[in-house]
Amino acid sequence: MSASTETVLLGHGSGGQMMKRIIDDVFLAAYGSPELAAGNDAGVATLPPTGRIALSTDSFVVTPHTFPGGDIGRLAVCGTVNDVATSGAHVRYLSCGFILEEGFPLADLRRICASMAATAREAGVAIITGDTKVVERGSADGIYINTAGVGEVPEGIELSGSSCTPGDVVLVSGTLGDHGIAIMSQREGLAFSTEITSDAAPLNHLIAAVLEAAPHTRCFRDPTRGGLASTLNEFASASHVMIEVDEERVPVRPDVQAACAMLGYDPLQVANEGKMVAVVPADEAEAALAAMRDARYGEQAAIIGTVHELAEDALPSVRVRTPWGATRVLDMLVGEQLPRIC
Amino acid sequence: MSATAAIDFSVFRDPERVRGLVERIGRLAGEREINLMEVCGTHTMSIGRYGFRSILPRNLHLLSGPGCPVCVTANRDIDHAVALARHEGVIIATFGDMVRVSGSTSSLAAEKAQGRDVRVVYSPLDALDIAAAHPEQHVVFMGVGFETTAPAIAACILEAEARDLANFSVFCVHKLTPAALAAIAADPKTRIDGFILPGHVSTIIGLEPYEFLVREHQTPGVVCGFEPVDILAGVERLVELIVAGTPRIENAYPRGVAREGNPHARALIDQVFELADATWRGLGELPASGLAIRPTYARFDARRRLDVAVEPTVEPAGCRCGDVLRGRIAPSACPLFGRVCTPQNPVGPCMVSSEGSCAAHYRYRD
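Chains as they are written, first to last, in our numbering: chain A, 511 to 852; chain B, 3 to 368.
These are computed hints drawn from the structure, not numbers from a lab.
Wrong hints could be hidden among the right ones.
Pairwise CB distance ranges (calculated) [claimed, not checked]:
hint	chain 1	residue 1	chain 2	residue 2	range
1	B	Leu160	A	Arg803	50 to 58 Å
2	A	Glu705	B	Asp309	43 to 51 Å
3	B	Ser125	A	Glu822	46 to 54 Å
4	B	Pro289	A	Ala748	51 to 59 Å
5	A	Asp551	B	His89	48 to 56 Å
6	A	Arg647	B	Asp189	56 to 64 Å
Computed list of chain A residues with no C-beta within reach of chain B, every gap over 12 Å [what the hints assert, rightly or not]:
hint	residue
7	His600
8	Ile609
9	Glu612
10	Tyr654
11	Arg697
12	Arg735
13	Pro764
14	Gln767
15	Ala812
16	Ser827
Backbone N, C-alpha and C fix where the C-beta goes; we use that ideal spot for every residue, glycine too.
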C-alpha cells in the first residue's frame, strides 16, 4: 500500500502492534517530546512550585478539517492554550486524544499532527501524553481531537470575569469574525470568493505581554463561539455591570462586514479563534494596548468599550453605541449560528 | 463579494448625515402621532441594529409587519413539512430559521433530532445536488419567502427538469407581498400612515404593484434600501408625504430598484408558478396571495408527489403573533413577550426567526 492511500483501520485503535506503529510513526514522529517517547501511560513532568495550576480541556470537531488559515490540528492546540492562558498561567503541557473514523487517510492525519506540533512549538508547549481510539466507518466524521492543557499560575495573579469594575476599559486584540466567516466561506454551496482566513493563533505570549504592561488586568477571555457578544455578556453578568461598546472602534475587516451583511450575521456574534478580549483599569489601558499591538497577532488591537455601574434595578447588559449616537442591546446568540466551527 | 467591495458604503453610514436626517424627520413630524410599517424582515433587523428607535421622535412609531417569511408561514404548512419529513425515504432541505419554528406539535428541528433527514441549505440549488447524490431518496425543498426568493426556486425547478432529476420536488409556500399590504391597509383595527416598502422584493416587482395603496387607501409608500442613510432618507420622504397629505409611491433606493422591477425574474416566476390562495399566520386565508407550482411542473410539486397525513392544527395558546404581524399591537404588548416567550423558548414564530418582529424587539430592546 502506498503512503498516499493508507487509511486508519480499526486495528489502529486495538492496543496491539498496529496501534504501537501509528503511535511511533505518526504521533511520536510529529510531537517528539521526551515524556511522550518514554511510552508510559502518563506523561510525567514538573511544574515550578507556585502551588497553583490552571487546567482546561476542549474538544474539536470542525468541518472541513482544513480551512483557509488553519486546520483542526492548529485549532486543537490554540483553543486549549488560549483557554489556559486566560487565567494568566504559563501554559506548559498538553494532552491529545484522537477519535478517528475507520478509513481516514493517514496522510491527512500526518499533516494534522505536523500542524499541531508546529503550533505547539510556536506556543512553547509540549504534548506529553495522548490517546487514540478508532471507531467504525460512519460513527464519526473523520477526526475528532480533544486536548487538555496545564500551566502554572504565577504568584499574585487573580484573573476573573467577575472582577470588572465601573471605569474599566475593554480591549480586543484584533479584527473580529474572521474565523467564523472563513469556515463559512468553505462550506458547501457558499463558495463566495473571499480572502478571509481563520485567525487561529496561540495567544499565550500576547497575554503574558499584556499582564506585564498592565499588572492589574481584571480578566482575559477568547471570544470563540458566540463571539464578542457572548464574552462581554458573561463578563457583565459575572461582574454585575453594564458594558458599553463603541461600534465605530470595533475592528472588523470590510470583507467580513460584507459577508456578515449578506448572511444576516452580526460580526460581534461571529466566532474567533485567535483573538483576546481584555478588561483593564483605565489607567493601564494605554499600556495594555501598546503591549497588545507590539505582540504577534495583536497588531490591530483596539480599545472598544468601557465598564459602567448598573442603573438602579437594571439587569447586567451589554450595549452598543452606534456611530450616530443611538444605542442597542447586544445579546448573546440563542442557538448555534454555524454548526461545527471548532 | 467583489460587487459589494466596489461600492463605497461609507456615504450611506455617515454619522453626520444620519444625525441630520433624524433632526429633519423630527422637525417634519412635529407633535403628530405617525405610524409607519416596514414589511421586510431585513428592514426589521436593520432598524433594530441601527438603534433607530432610540433616536427617532417618540411620536413616530415604527411597526413591523408581515415581512419575515418564517413568521407568516401558517402552522398548517409547518405541520405539512413535518409530515413530509416523517415520510419514508424523504430528505427535507430548507433555510435555517424554518427548521426551528414549531408547528402544532413538532418542528423540523425536533424531527431531525428524532433521526429524520433534515438539512439546512443556503441556496435551493444545494438541494438539487443533494438529490443527485442520493438517487435512492426523495429530496423535498421547502420553499418559503416572497417575490425575492421565488425566481431562484423557479430556476431551481427548471434546472431539475434540465438535469432530469426524478427524486426532487418543492414544497411551495411562497407568498406575495402586495396581498399582505392590501390586507393590512384594509384592516379597520390598524392605522398605518405610510409603508416603508421592501428593497429586495421591489427589485423584482418594481413600483406598480403598490399603486393601489394610493388609489384605494390614500396611503403613501417609499421603497427603502438597507443602510442607515437609505432607511432614514426613505422615512424622511414618507413623513413629508404624510404631513403634506400627498400620498404617492416613491423609490428612495434607485441604486437597487428600477421602476419596472426585473421583468426576467418575473417571467421566470410566471413560467413555473401560478397564483393561489394562501393562508398567512395572522392574516388568515387571502385570495391569490401565494404561489403554487403550475400543473406542467407537477412532478416537482411535493404536494402532488407525496401523499401525507397532516396532523390537526393547534395554535399556540395566548400567542398574539397575528396581531403583531398586522401592526395592531407592539410585540411588548403581547402578554407572553419576554416572560413566557423568549428567543430561548419561543412560543410564536415571530420570536423564532431572527427577522421576526418579536425576536428583533427582544434582541434590540431599549
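Results of checking the hints against the structure:
About 54 Å separates the C-beta atoms of Leu160(B) and Arg803(A), a value consistent with the hinted range of 50 to 58 Å. Distance hint check for Glu705(A) and Asp309(B): the Cβ-Cβ separation is about 49 Å, which falls inside the suggested range of 43 to 51 Å. Between Ser125(B) and Glu822(A), the C-beta spacing of about 50 Å keeps the proposed range 46 to 54 Å intact. Remark: the range hint 51 to 59 Å for Pro289(B) to Ala748(A) is upheld by a beta-carbon distance near 55 Å.
For Asp551(A) paired with His89(B), a C-beta distance near 51 Å keeps the hint of 48 to 56 Å intact. Between Arg647(A) and Asp189(B) the beta carbon distance is about 58 Å. The supplied range of 56 to 64 Å therefore holds. With a minimum CB-CB distance of about 38 Å to chain B, His600(A) clears the 12 Å threshold, and the non-interface call stands. No Cβ of chain B comes within 12 Å of the Cβ of Ile609(A); the nearest lies about 22 Å off, and the non-interface call holds.
Every CB of chain B lies more than 12 Å from the CB of Glu612(A), the least distance being 21 Å, so the non-interface label holds. At the 12 Å boundary, the C-beta of Tyr654(A) stays outside the reach of chain B, the nearest C-beta of that chain being 20 Å off. Its beta-carbon lying about 8 Å from the closest one in chain B, Arg697(A) breaks the requirement of being farther than 12 Å from that chain. Against the 12 Å criterion, Arg735(A) stays outside the reach of chain B, whose nearest CB is about 16 Å from its own CB.
A cut-off of 12 Å between C-beta atoms contradicts the statement that Pro764(A) is not in contact with chain B; the least separation is 7 Å. Gln767(A), annotated as away from the interface, has a beta carbon of chain B within 12 Å; the closest lies near 9 Å. Separation of Ala812(A) from chain B is adequate, the least Cβ-Cβ distance of about 18 Å exceeding the 12 Å criterion. With a cut of 12 Å on Cβ distances, Ser827(A) falls inside the contact zone with chain B, its closest approach being about 10 Å.
When each numbered hint is compared with the structure, violations occur for hints 11, 13, 14 and 16.
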